[in-house]
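Residue numbers (this note's numbering), protein chains in the order written: chain A, 1 to 130; chain B, 1 to 273; chain C, 1 to 81; chain D, 1 to 492.
A few of these clues could be false.
[Unchecked claim] Restricting the straight-line Cα-Cα distance to at most 16 Å, the calculated cross-link-like pairs of lysine to aspartate or glutamate (EDC-like) are:
| no. | chain 1 | residue 1 | chain 2 | residue 2 |
| --- | --- | --- | --- | --- |
| 1 | B | 2 | C | 6 |
| 2 | D | 200 | D | 107 |
| 3 | B | 44 | A | 81 |
| 4 | A | 67 | B | 270 |
| 5 | B | 135 | B | 25 |
| 6 | A | 11 | B | 87 |
| 7 | B | 193 | B | 47 |
| 8 | B | 193 | B | 87 |
| 9 | A | 11 | C | 6 |
| 10 | B | 113 | B | 124 |
| 11 | D | 431 | D | 362 |
| 12 | B | 193 | D | 365 |
[What the hints assert, rightly or not] A few chain C residues that face chain A, going by a derived Cβ cut-off under 7 Å, partial list only:
| no. | residue |
| --- | --- |
| 13 | 10 |
| 14 | 12 |
| 15 | 25 |
Read the hints as simulated data drawn from the structure, not as lab findings.
Cβ coordinates follow ideal geometry from the N, Cα and C atoms, glycine included.
Residues per chain are reported as follows:
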Amino acid sequence: MNDLLPLIVAKYNYWMYVILMMIGLYAMIAKNNLVKKVVGMNIFQTAIILFYVSIGYKTDASIPIIKSSDTAHGMVVRAADYINPLTSCLMLTAIVVSVATFGFAMALIVRIYRRYQTLEEDELRMRLSE
Amino acid sequence: MKFIALIVVSLTGALLLYGTAEFPDWGDPSSPASLHVSNYYIEKTYEETHAPNFVTAVVTDYRGFDTMFETAVIFCAGLGCFLLLRDFTGKKEHFYRHIPTGVILHVKNGKKKLTTGKEFEYMDKDWVPHDLINKTVCRILIPFIQIYALYVVAHGDYSPGGGFQGGVIFGSSLILFAISYDLQTLVERIKEKILGILAATGVLIYAGIAAICMPMGGNFIDYGKLAPLLPAGSHVRALGMLGVEIGVGIAVMAIMAIIYINIVSEGRHDEGL
Amino acid sequence: MHWPIDLIILTFVIFCAIAAITVRDLLATAILFGAYSFLMCLLWTVMGAVDVAFTEASVGAGVSTVFFVAAIFRTSRRSRD
Amino acid sequence: MDNYPVLIVVAPLITALLAGLFVWIEERLSYPIVLAGLAVSVFSAINVLIQVLASGSIQYKMGGWPPPIGIEYRIDLLNAMVLCLVSGVAFLNLIASCRSVKQEISDRAGSYYTIYNLFVTGLLGVTATGDLFNLYVLIEITSLTSYAQVAMGDRDRGPLASLNYIFIGVIGASFYLLGVGYLYIQTGSLNMADVAAIIKDAPASSTVLTAFILCILGIWIKMALFPMHVWLPNAYSYSPVVFSRVVAPLMTKVMVYVMIRLMITVFGYDYVFKTLHLADAVVWLATIAVLAGGIMALAQKNLKKMLAYIIVCEIGYMVGGAWLGNRLGMTGAILHILNDALMTFALFLGVGNIIYKIRNVDLTDLKGLFGKMPWTMGGFVLAALSIIGVPPTCGFFSKWYLLLGALEKGAYHFAAALIISSLICAVLFFKVFEICFFEPALHGLENPHSHGAIEEAPVSMLIISGLVSLSLIAAGFYSGTIVNRIIIPFLG
Chain A
1 MNDLLPLIVA
11 KYNYWMYVIL
21 MMIGLYAMIA
31 KNNLVKKVVG
41 MNIFQTAIIL
51 FYVSIGYKTD
61 ASIPIIKSSD
71 TAHGMVVRAA
81 DYINPLTSCL
91 MLTAIVVSVA
101 TFGFAMALIV
111 RIYRRYQTLE
121 EDELRMRLSE
Chain B
1 MKFIALIVVS
11 LTGALLLYGT
21 AEFPDWGDPS
31 SPASLHVSNY
41 YIEKTYEETH
51 APNFVTAVVT
61 DYRGFDTMFE
71 TAVIFCAGLG
81 CFLLLRDFTG
91 KKEHFYRHIP
101 TGVILHVKNG
111 KKKLTTGKEF
121 EYMDKDWVPH
131 DLINKTVCRI
141 LIPFIQIYAL
151 YVVAHGDYSP
161 GGGFQGGVIF
171 GSSLILFAIS
181 YDLQTLVERI
191 KEKILGILAA
201 TGVLIYAGIA
211 AICMPMGGNF
221 IDYGKLAPLL
231 PAGSHVRALG
241 MLGVEIGVGI
251 AVMAIMAIIY
261 INIVSEGRHD
271 EGL
Chain C
1 MHWPIDLIIL
11 TFVIFCAIAA
21 ITVRDLLATA
31 ILFGAYSFLM
41 CLLWTVMGAV
51 DVAFTEASVG
61 AGVSTVFFVA
71 AIFRTSRRSR
81 D
Chain D
1 MDNYPVLIVV
11 APLITALLAG
21 LFVWIEERLS
31 YPIVLAGLAV
41 SVFSAINVLI
51 QVLASGSIQY
61 KMGGWPPPIG
71 IEYRIDLLNA
81 MVLCLVSGVA
91 FLNLIASCRS
101 VKQEISDRAG
111 SYYTIYNLFV
121 TGLLGVTATG
131 DLFNLYVLIE
141 ITSLTSYAQV
151 AMGDRDRGPL
161 ASLNYIFIGV
171 IGASFYLLGV
181 GYLYIQTGSL
191 NMADVAAIIK
201 DAPASSTVLT
211 AFILCILGIW
221 IKMALFPMHV
231 WLPNAYSYSP
241 VVFSRVVAPL
251 MTKVMVYVMI
261 RLMITVFGYD
271 YVFKTLHLAD
281 AVVWLATIAV
291 LAGGIMALAQ
301 KNLKKMLAYI
311 IVCEIGYMVG
321 GAWLGNRLGM
331 TGAILHILND
341 ALMTFALFLG
351 VGNIIYKIRN
361 VDLTDLKGLF
371 GKMPWTMGGF
381 VLAALSIIGV
391 PPTCGFFSKW
401 YLLLGALEKG
411 AYHFAAALII
421 SSLICAVLFF
431 KVFEICFFEP
441 ALHGLENPHS
451 HGAIEEAPVS
461 MLIISGLVSL
471 SLIAAGFYSG
481 TIVNRIIIPF
491 LG
């Protein structure tokens with residue numbers, strides 16, 4: 001049992017992000033209510049951010065802000081002390097993108113409800129066809 | 001429909017899990033992702049840009065081009081909400097209650113609004129009457145939220161935070177103002193025109209600072225070339241980053257307010273949550 | 001060894017995600033969605049990415065939930081599935 | 001001035017923001033500002049093309065940082081050609097549709113020009129960038145602006161079409177981002193050339209294979225290749241005229257360019273065709289896409305929907321050509337990017353002029369159009385002939401290369417699909433011409449004074465439509481030089 005634990009720890013984040021993504025994807029495709037689909041879309045995007053952040057993690061490394069001890073002259077900065085700043089930078093952009101899409105999708109939902117008075121996919125299809 | 005979804009989900013899930021088979025372990029410092037480029041950032045950032053926070057240095061300086069387009073993305077969202085929801089016609093009829101006598105006035109397509117207060121009270125199914133405790137607490141709280149937001153923008157280089165997070169906090173203080181009072185007071189206090197101008201100028205500040213580097217002889221986002229413009233002896237790149245952060249903060253603050261106002265009032269900017 | 005915190009929060013995140021999708025009332029979905037964002041922010045703080053956590057907290061838990069509730073205010077709370 | 005490569009992308013961005021600012025100060029100024037931005041972009045795109053033709057590929061380091069550290073633009077022949085195409089089409093479209101914007105989006109035309117220019121910035125950035133993550137951010141800008149513009153069109157169906165477009169667009173963009181993540185965890189860098197160098201000598205691992213499948217799947221979804229094309233017909237037919245005229249020719253072609261860039265530059269020619277054995281399956285998928293697009297187009301009642309399905313069919317050509325694996329197929333695919341963009345632009349210009357005069361374009365409303373709008377229909381006929389593949393026009397030459405590539409590769413099913421779809425297009429367009437030419441106009445039914453008098457679209461729209469239709473023939477004549485000067489050296 002005890003050799004199984006490191007294996008789980010080694011890949012746990014990556015299995016979990018796949019499960020989260022699949023929850024989001026399932027909600028986007030199978031759910032009937034438009035708002036639920038939008039929530040599924042946001043969970044789908046947040047799962048990818050989880051994947052990127054878990055790439056950048058290093059065990060017992062501190063947050064990516066330089067310690068005052070390292071800034072003294074002549075002190076060489078060891079890369080293993082800090083986590084990977086690049087993935088954090090990329091994920092700031094991904095969060096902004098997911099908020100922008102989420103805000104715009106909510107505006108669309110308000111607009112659709114104002115015109116059709118329903119947010120259910122099947123009722124919408126009926127009202128569209130008549 | 002649910003059956004197709006299950007098939008698609010299980011297929012993509014299997015593909016992704018197959019991909020993770022040969023991943024390096026989670027968190028080991030010798031994985032290729034944390035060796036190649038990210039070591040350069042960790043070792044060289046403080047020397048070159050004098051900014052303690054690596055992430056802000058990478059976001060605004062090394063990969064500043066990405067962040068400019070990220071700000072353009074949030075600008076597109078705000079503009080999209082404005083274009084989609086805004087209707088200038090506005091509601092025609094308004095209801096007022098004359099408080100002393102209790103008579104309800106039905107004003108048809110009145111351009112002029114009666115002054116609510118002692119004499120008249122606004123009556124509308126969306127209009128939420130002011131709650132005294134809520135109003136006073138928020139009136140005390142909002143200035144401190146805004147100061148905190150300015151702190152977050154200003155200290156982007158030193159502590160976690162930066163233009164985008166500060167802008168969102170400032171925007172949410174405006175939203176808190178709209179919720180605690182009512183949307184009408186926020187729209188009167190901060191005109192839609194000012195929000196529109198602030199949103200565009202914020203992103204323009206970012207793109208402008210980046211574009212000024214070109215006539216100064218550098219490539220597109222080369223803050224180093226801005227040295228002649230800034231006081232001598234200052235850390236040019238750190239100041240360039242700060243200027244860009246301020247631009248992002250202004251833009252995001254205005255855009256959060258625009259999106260909220262348009263969603264909550266269905267574009268009529270009269271009554272909302 | 002601090003990795004147990006990470007595992008626990010990850011399992012909470014998945015429960016929150018499933019709950020946010022299956023619950024019928026949209027306002028409950030909004031609150032669960034805010035909780036999901038907050039737990040994600042907690043997870044990233046544990047993993048050291050503080051900038052991303054700050055952004056997710058202010059944006060995911062903060063402004064997205066406000067847009068969500070504003071949109072529900074203008075549409076309807078009922079959802080058939 | 002060596003800043004031209006970045007000027008192509010930044011000029012439309014800054015002028016879009018200026019127009020967004022001037023909307024609140026002086027609304028009338030926003031149109032000239034946006035037009036100036038696109039003019040600067042076209043000018044610098046042509047300069048870059050001349051520089052690249054003269055001295056090989058250009059490298060532009062953002063912020064002065066060397067490539068793997070910072071973002072870089074690496075403009076080579078394929079890049080320069082598509083950049084000129086995108087900026088040229090966007091510029092001409094803005095001139096041609098100034099009046100139709102006023103007609104359809106009257107009260108907020110100024111803000112519309114801002115989002116139009118941001119859309120063009122996104123497209124130009126996608127074409128010019130040499131960085132994988134920067135490509136994702138720009139795909140996101142292109143998508144978000146196109147969601148907004150689709151939602152602004154038809155009052156009733158626009159928002160719903162846009163919401164469906166969002167769901168599928170987000171899945172596509174996120175798959176691409178995931179593919180970049182899998183590449184990053186394997187190579188540690190985001191620059192295209194750097195990643196290619198690391199992948200070339202690293203043993204082929206399952207991570208790189210999954211990264212390839214995810215990136216290509218994401219781009220296929222954004223490209224609306226057959227099984228994933230569900231969003232395209234609604235999105236393109238319910239969007240405002242000015243937007244469908246710029247998105248139809250450009251959006252899908254730029255995504256085909258991105259697919260070719262990923263296949264050749266990032267993953268390498270031999271990795272895609274030697275180590276992987278997907279090429280034949282993809283050519284079969286392209287065949288199905290070509291046939292399905294054609295058949296569905298036959299079933300349409302609305303002209304815009306019909307053209308949307310023809311686009312789905314054209315994408316099948318390009319994907320099939322690129323995946324044939326031999327030089328002829330790839331040449332045909334790249335030439336088809338250029339030709340198809342021009343043909344679709346000419347078609348949608350014609351449709352836009354018709355919509356400007358007659359509100360909706362169901363096939364029954366097109367009665368007697370030749371009498372009423374001779375010049376527009378002339379341009380439309382020329383574009384239709386080019387889509388069918390009649391020799392003098394450019395459509396024939398790219399189909400010719402695709403056909404030769406298919407026969408050389410032995411993919412007879414793809415060659416058969418090419419010919420059958422040309423016939424289907426012929427049937428489609430002659431059905432439309434038959435309605436427009438022979439059936440008498442409905443006298444006095446839809447508008448009182450339509451006794452056969454010529455009701456042409458305004459002159460500005462006609463000049464552009466005529467210009468583009470003539471350019472189809474010019475592109476036909478010059479396709480030889482285009483292939484020899486641009487495509488052969490690029491495939492090198």
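Straight-line alpha-carbon gap residue 431 of chain D to residue 362 of chain D, limit 16 Å: OK: residue 431 of chain D and residue 362 of chain D at ~13 Å, within 16 Å.
Residue 67 of chain A paired with residue 270 of chain B [C-alpha distance capped at 16 Å]: Given pair residue 67 of chain A, residue 270 of chain B is violated - Cα atoms ~51 Å apart, limit 16 Å.
Taking 7 Å as the limit, does the beta-carbon of residue 12 of chain C come near enough to a beta-carbon in chain A? violated (11 Å)
Taking 16 Å as the top limit, are the C-alpha atoms of residue 193 of chain B and residue 87 of chain B close enough? holds (15 Å)
Could you grab the alpha-carbon distance between residue 11 of chain A and residue 6 of chain C and see if it respects the 16 Å cut-off? Answer holds: residue 11 of chain A to residue 6 of chain C is near 12 Å, not above 16 Å.
Are the Cα positions of residue 193 of chain B and residue 47 of chain B separated by 16 Å at most? violated (43 Å)
CA of residue 200 of chain D to CA of residue 107 of chain D, is that 16 Å or under? Given pair residue 200 of chain D, residue 107 of chain D is violated - Cα atoms ~55 Å apart, limit 16 Å.
Would you mind confirming whether the straight-line C-alpha gap from residue 44 of chain B to residue 81 of chain A stays at or under 16 Å? Judged against 16 Å, a Cα distance of about 14 Å means the pair holds.
Within 16 Å, alpha carbon to alpha carbon, are residue 11 of chain A and residue 87 of chain B? violated (51 Å)
Residue 10 of chain C as an interface hint toward chain A, with CB separation required under 7 Å: holds (5 Å)
Are the Cα positions of residue 193 of chain B and residue 365 of chain D separated by 16 Å at most? violated (43 Å)
Is residue 2 of chain B close enough to residue 6 of chain C, meaning Cα to Cα at most 16 Å? Violated: residue 2 of chain B and residue 6 of chain C sit about 32 Å apart, past 16 Å.
Hints 1, 2, 4, 5, 6, 7, 12, 14 and 15, counting from the list given before, are not met by this structure.
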